[in-house]
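As they're listed, the protein sequences go chains A and B. For what it's worth, the numbering used here labels the leading residue of the first sequence as -8, then goes sequentially. For what it's worth, the numbering used here labels the leading residue of the second sequence as -6, then goes sequentially.
Please note that the accuracy of each hint is not assured.
[What the hints assert, rightly or not] Derived pair list, reagent style SDA-like, types lysine to any residue, alpha-carbon separation capped at 25 Å:
id : chain 1 : residue 1 : chain 2 : residue 2
1  : B       : 108       : A       : 183
2  : B       : 67        : A       : 192
3  : B       : 100       : A       : 187
4  : B       : 123       : A       : 185
5  : B       : 56        : B       : -4
6  : B       : 54        : A       : 185
7  : B       : 105       : A       : 192
Just so you know, these hints were derived from the structure itself, not from any lab. Predicted model only: the values in this text are computed from it and were never measured.
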Amino acid sequence: MAVASTENAVRSSSVARAFVYLFLLLFALFYLLPFGIMLINSLKPLEEITGGGMVALPQNWTIEPWLSAWSTAQIGVQPTGLRPYFINSIMMAVPAVILSTVVGALNGYVLTKWRFRGDTLIFGLLLFSCFIPFQIVLIPMARVLGILQIAGTTPGLILVHFVYGIGFTTLYFRNYYAAFPTELVRAAQIDGAGFFQIFWRIMLPSSGPIIAVSFIWQFTNIWNDFLFGASFASGGSAPMTVALNNLVNSSTGVREYNVHFAGAIMAAAPTLLVYIVAGRYFVRGLMAGSVKG
Amino acid sequence: MGFLDIDNVTKSYGAVEVLHRVDISVEEGEFLVLVGPSGCGKSTLLNMIAGLEGITSGEIKIKDRVVNGVHPSKRNIAMVFQSYALYPNMTVGQNITFGLEMHGVPKPERDKAMKEVAALLQIENLLDRKPGQLSGGQRQRVAMGRALVRNPDVFLFDEPLSNLDAKLRVDMRTEIKKLHQKLGTTIVYVTHDQIEAMTLSTRIAVMYDGNVQQLGTPKEIYDSPANLFVATFMGSPAMNVLPTRLVERNGALHAILTGSDGSERALRIENAPAAYAAYRDRPVTLGIRPEAITDPEGADRNARNIQPLANVVGVTEPAGSDTFVTMTLSGKDCIARMRADADVHPGQSFDFAVNMDKAVLFDPETEERII
């Protein structure tokens, strides 16, 4: 009897499995469709798009729209292409991500392993910063950037994103370190390691998954941000998102949809890349953090 | 003045005092075990010696130097944690030498010290592995290696064997004892396991509820417990605790028990301490260890006062090396420890031999031993 029921279980599960894969495949296609449309349209001449062949594959394959979007398209008043703005975004996102991750890790370390009176209150306040809408801080932030004389510059944007990111990164690292054995910290103290030595030698080397989470989250948010970019960086220091908007919304000349598609893919590419490279750590890190805290 | 002095130390969290005036002096080379049920304050006391917890009042001295407020790394102590606390990102070798590195010892010396310790603990072949690849017993050795390599004044062990399976625990226990005999180091060891306490220690501090109940050699603790708590906590199976009454008959004090048939059993007490007289005709608590109640052939030949006791056998539990017999005395379960092949059968009456040399009496009100 037991054998028969096992066979049944195996058979029914393989049927169920086929259904699961079928559904997954359908959903994957469904979600990939917009990206597919963008990709094929970025590789065909403009006439094929305006001629009504949005869904068709290109008849004449061309990378001309990509070259145009990258280096010659009209952004605002200059025909510079998206390249300088792409560089702006890199220059903004990389330092902001690193700074907010390091400070978040330090905060998490202190809040879990060097507890002090009122630490939960401070953590609560930091957590609160995750829920403050962007719009509320626009005007005070503009004032602060003005006083610091970094308004309209990339360093200004780095500061904004760095400060805004601390809430989230602290949340991630605190929850991750809450599950990290305190005995290790005590052992290191007895071994004579100081505050920063414990952090660098013991905590950080064991924080791979949560660093990946913080990195992906921060990079995606900062790279995709439009509001702060449009508000605090003007002209030549605008990030990629603002430049893409300027490209697509330019009111003069012909609307070059193929160039727009190419530009949009360029703007999305880095976040996609980060997900593909570090994505499997993302889920693992989120799970680890959710166990405790 | 001892090697490690704990003088009138207390610990409070807010208004709650969790350790009350602990006074222990440990000599050089002693193996002191702090034993007690969970929540008795033994780990807190160990952490205070280590410097991981503050001292509310009193003083802790290591080699006559007051270490209150001294950073853990500057006390010249080493600690083995319950979870071993090996650094997961470092190899075994790096784990062992991390403390030396933090103390600025040059690399050649570190490597030399590491090789010596690895040879001592027989972990030379593990030095390049990560802690995650080791078994429980191997991790335990590495954790001890990390403590040994620094050649500290005092070793602190925080329940180091409680994560091991039963067999390995016994092996490692012997190993720790060997190591102590070989190196003659001063050790403070926390455990809730009274067998570990008995087997390892040169002295035991039995703790309960933030107080040291008794401090003494394993034999003192076992044979002359200061109170009912110590008597019942130490020993397995636990000491039998029976309500009794002291009466004087034929010029000698007798402890009166009620047998399973409801009739009286009188056990004569010889060489009674003077204090017993005050309890004549009053209820007292008789404490007697299972191994002091045996079959007559198995009784201790050196005992001076063996009293016969006829009673009905309740349950027999053959344990291989011994047979444990449970019977009812004065309304309580009483366990006797017989030879393995003793001829006892449930429901039958049996003539037990009670070694009254080993019997102790407690005041039922204060639960202190009467001496």
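**Study point:** Violations among the numbered hints, reported as their numbers in ascending order
**Key:** Those not satisfied: there are none.
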